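*Asks:* So the chains spell out like this:
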Amino acid sequence: MAPFDIAIVSVFLMASPVILAPCCAKSRGLTIYLSFAVTAAASLAAVAAGILAVHYGTNTSAIVQMGLPDLPFHLRLDPLAGFFLCVIGLLSLFVSIYSIGYVKGFSPSRPIVRFVVFYALFIVGMLLVVLADDAFFFLVAWELMAASSYFLVMYEDEKAENRRSAYLYLVIAHVGAIAILLSFGVMAGLANGFESFQGYTFDSMRATTYPVGWATAAFLLSFFGFAAKAGVIPLHVWLPEAHPVAPSNISALMSGVMLKTSIYGIVRITFDFLKFFPWWWGGIVLVLGLISAVLGVLYALMQHDLKRLLAYHSVENIGIILIGLGLSMIFTSFQFPVLAALALIAALYHTLNHAMFKGLLFMGAGAVLHATHERNMEEMGGLIHRMPWTSVFFLVGCVSIAALPPFNGFVSEWLTFQAFLLSPALQRPILNLLIPLGAALLALTGALAAACFVKAFGVTFLGHWRGHQSIQRVHEVGWHMRTGMMLAAVTCFALGIFPTIVINWMDVLPERLVGGRIAASAGAYGWMWLTPYARERASYSGFNVFIGIMLVVFVVWLLLHARKKAVHRVPIWDCGFEKINARMQYTATSFSMPIRRIFGFFFHIREESQAVEPIRHPAYPEKLQYRLRVRDRFWNWLYKPIGEGAFFIARKIGNLQQGRIQVYLIYSLVTIIVLLVFLG
Amino acid sequence: MTAYSYTIEAVQILLLLFAAPAFAGWVRTVKCRMQGRTYAGIFQPYRDLAKLFSKDVILAENASWIFRVTPYIVFGVTVMIGGIIPLISIDLPFAATADVIALVMLFAIIRFFTALAGMDIGTAFGGMGSSREMTISSLAEPAMLMAVFTASLAANSTSLTQMVHVMAHGEFTLRPSLAFALLAFIMVHLTETGRVPVDNPSTHLELTMIHEAMILEYSGRHLALIEWASMMKLFIFSSLGIAVFCPWGIAASGDLVGMLIGAGVLAAKLAVLGIILVLIETGLAKMRLFRLTEFLGSAFLLATLGMLSFFILE
Amino acid sequence: MTTSFAAQVNSIMAALILLTAFGLLVQRRILGLLHLFAWQGLFLCLSTAIVGYVTGVHHLFISSILTLTLKVIVLPYILYALIEKLHIKKEIETLVNIPATMLIGIALVIFSYHLTAPITQLSTLVTRSTLAVALATVMLGLLMMVTRRHAVTQIIGFLALENGLFFAATSATYGMPMVVELGVALDILIAAFIFGIFFFHINTTFDSLDVEQMAKLKEED
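Protein chains in written order, with this note's numbering: chain A, 1 to 680; chain B, 681 to 994; chain C, 995 to 1215.
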């Protein structure tokens, strides 16, 4: 079977729970098992289709006689679509397995069918977004994805907070969709004139050369639209609201792959349709990427809601992906195809990596939520003793996202660094000076991310239990959930150890998009060595790192355990302090206090503490009340003025309503006169 | 890739393992002398390690596997880094495993796990140490990267072998960029190895310790591994600085005489560096935690000036 | 000494001048500022001498000696005497957000490089690459005057700015004509005396050298 056919089968299979689930709605268990087994199988098919499509570099397209008359739907599977198919399929496979256990844990009063149907539609939407080959179908799929994820975010709709978050998500998604629609309009119009509709296919957009001015308009519009969906700062506000309230498997999918469809859109439009562009487009992408990366991680550090923290990290990682894309665009515009290929590979590899580790982390957060019914890290602690498996998988996710070798996050960040450090090749002095500073910001991001995940893992899993109820009721999650997490963890590891194989596989993408390839140099020394540019330039071997560490650890362990020494379990020493209790531990808030103080400018901090009764002596209050509120500054800087402006304008326009029939007739009269004057 | 080059690799790792405590001892001895205290000689660290290895392990009752695994990981990563950087010869089979940037990240593994271990027992000290360590490192990392980047500009490579090769055997030029990068590197060195203006390696005073706070609950062989690893880290950072900024004398190929000379030169350079370290440590007072932003900000400034002066002046 | 080696040494001097300019920007102690200023003058004097030696433009030696006497010895001495007299030798100025100031400084350096890059490409002088540093020194001096509140440090900022101008003249055209240079030197010297007199007046009027106090002079409405 050709990859394209497998992809089609995958889409239909993925859509089948929409019919299957209502049929077997009687049995809750059957619905869950059947639906998620089917979606897992469909995901597997999508992965297969994606891998093969990239491997063979296929370019299959088809026309489906559906939709409006004269405007059929076009489908196409090329390597770029195949790559994203693979990313979506891989994570939805893991999440589907995980969901069996997770959804079973929903309270019996919740309707399962609704969840399953929207779950399937959501993934179908994402698959169709990457398969679509005309603007019309793309937007239909895009809306399918947005709408079904809206219903999933609102699944637990009894809380006002959830409804509000879902609404915010819907608003921003649609503002973005409008911008994308306009961008397609510009390109379609230039492709085939504004009189005919035939410019709406991607093929005609691809075949057109655009004048710079219009190309810029199309780029800026589409970038704005996709940035809104991807959560690029300052359009990120919906992300930390919507992700925490959605069920965790949905958060994993939204954060892991739905955001990536925006990356797909940006790559598709800039590299595939517009092709030639001035360097400052790349500059915009790079700068926004850097801002998102640094601020995303800083805001993440201030969170103590585990899922909110992860949501802010998605902002950060989208930023890192955009950094790679921006560099690639800059290199492309200065005609350095090989460097552009390196940066593009870095961006796309990070896309894949982020899908894996962020999916894993959200699944882990879901497992914790499932076991403790708690999202607030300040109420957790010591879970490593109760949930040994989950803690291992979560740790793998933490190590990966903190970009530590030999896991996958490191590889893509390292490639991004290499792309940064190759910027002296550009013959533009000012860029030579500015771009390395971006590398410093990326280093800051990486180090802050490490700090953030020490906090996330340390406060959640290590130390003592801080919650009000007993830790005894916390139990390890079932094997479905563990399997889902384990598969994601293993993938994270494999992607870190065997990057060269993956890069060789995906090398066709930059070849098609920017005209350069790096596999020849990247894999020149076999699968063990990653030498992206040249061996003399830089090299890395994840496999060696892993084997080296393990070897030393093993030898040292053997040597030390050759002679048996007793291990005495004793009460905590703590410099001889005896009355230690769980409340004396560092909390999430106190852990991030130094960073909060150093980077205080970026936050809106309100901190107050007051002594509450009884006060015998002002210097020694018996009890202190401490309140801390840290907020995103963008609410006050950007959204509040816009919101207030909208209300202001609405009120002014509201004045038109007089409630008197004569006034409305005057409006009509004036309109008619104006139209006659101007059109006559 | 012959057996011979693997032998060199093994020799280098053994050298690292057994010379690192001596270097730490040397620094301590010089420091004692300079501050007018009596000293136990440069071999005291060996005796300390032997004592710790022979003791039983006292483990807090709620210590998890993270706490027990961390010393091994810390030790393993440190030894592996020692196998990558060129100490006495630049012809190492493992040298290509990681370039400078990857090396920085390898040090981050050590920090990550030590910080986790600090939080594992659930004492206030441990959490405090972890929080401070991660804060400081996140400020040090950009400075470190800029310093490394500036140094790599001259060689047009981030591979250590290549950088050392170009520095040691290329045409000699006066480079202001490298001078700046070196200053920045020294500041980062002090930070990463926990020396005086940032952290005090010999303090156990609650409010000032950072690294010691994280490893407070360790004992026996676990403590020995961590102590040994941190001595190696001092050794590695010092020789990394030497390799990048002052590599003259290192053996270009694996011939025996060249390597012996290389070892001798390295020992001399380390001895001098130790004295410089002591001078810095004795001359400066430990900084307040929030003054460190300025200290590390200056390191970043220096490294960035180095980068700028490369493009502007060279 | 070959030309290329001299150019390298000159680059080092330029780098050191830039470094001292940054040092001036973030130094809190007034005495430390004076030392840094003297060092900057010394580097400037050395750089001028090197350029004079390499190019054979001999009046640069006179400029160099003039710099040495005026900026390394006389002016620091006058200022030292001044702060001795006003009992502010040990004074420490509170500075807000040093890292941010440094980042602004870096941005200014990049900006100056961007501005001078076209000139540098046209020029054929040995010293052309240091022009960016000279302009940056001027800007950093101005930035110092903006961020500081103490009258004495503002004067030092002004003098550092003048150092930058002098350096720019050397690197762009191998120095200004002798007459102009002598005139400028005299101006600086006289300016220093006038500043000294002003300090005394400010100090007696406000009982402090904090220039924020001058806000009191604004007429209330």
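Accuracy of the hints is not assured; some may be wrong.
Below, a list of computed lysine-lysine pairs in the DSS-like style, where the Cα atoms sit at most 30 Å apart [what the hints assert, rightly or not]:
hint: 1; chain 1: A; residue 1: K564; chain 2: B; residue 2: K731
hint: 2; chain 1: B; residue 1: K966; chain 2: A; residue 2: K565
hint: 3; chain 1: A; residue 1: K565; chain 2: B; residue 2: K735
hint: 4; chain 1: B; residue 1: K731; chain 2: B; residue 2: K711
hint: 5; chain 1: B; residue 1: K735; chain 2: A; residue 2: K579
hint: 6; chain 1: A; residue 1: K159; chain 2: A; residue 2: K564
hint: 7; chain 1: B; residue 1: K966; chain 2: C; residue 2: K1083
hint: 8; chain 1: A; residue 1: K564; chain 2: B; residue 2: K735
Simulated restraints, written as ranges between beta carbons of each label pair [stated by the list, open to error]:
hint: 9; chain 1: A; residue 1: A494; chain 2: B; residue 2: V749; range: 19 to 25 Å
hint: 10; chain 1: B; residue 1: L936; chain 2: A; residue 2: L559; range: 15 to 21 Å
hint: 11; chain 1: C; residue 1: A1094; chain 2: A; residue 2: F12; range: 35 to 41 Å
hint: 12; chain 1: A; residue 1: F197; chain 2: C; residue 2: A1094; range: 14 to 20 Å
Worth flagging that the hints you see were computed from the coordinates, not collected in a lab. Bear in mind the structure is a predicted one, so any value in this text is a computation, not a measurement. Positions of the beta carbon are idealized from the N, C-alpha and C atoms, including for glycine.
*Asks:* Next step is simple, just say for each hint if it's right about the structure.
*Replies:* Tested hints:
| no. | hint | in the structure |
| --- | --- | --- |
| 1 | A:K564 to B:K731 | holds (16 Å) |
| 2 | B:K966 to A:K565 | violated (39 Å) |
| 3 | A:K565 to B:K735 | holds (8 Å) |
| 4 | B:K731 to B:K711 | holds (23 Å) |
| 5 | B:K735 to A:K579 | holds (27 Å) |
| 6 | A:K159 to A:K564 | violated (58 Å) |
| 7 | B:K966 to C:K1083 | holds (24 Å) |
| 8 | A:K564 to B:K735 | holds (11 Å) |
| 9 | A:A494 to B:V749: 19 to 25 Å | holds (21 Å) |
| 10 | B:L936 to A:L559: 15 to 21 Å | violated (29 Å) |
| 11 | C:A1094 to A:F12: 35 to 41 Å | violated (58 Å) |
| 12 | A:F197 to C:A1094: 14 to 20 Å | violated (54 Å) |
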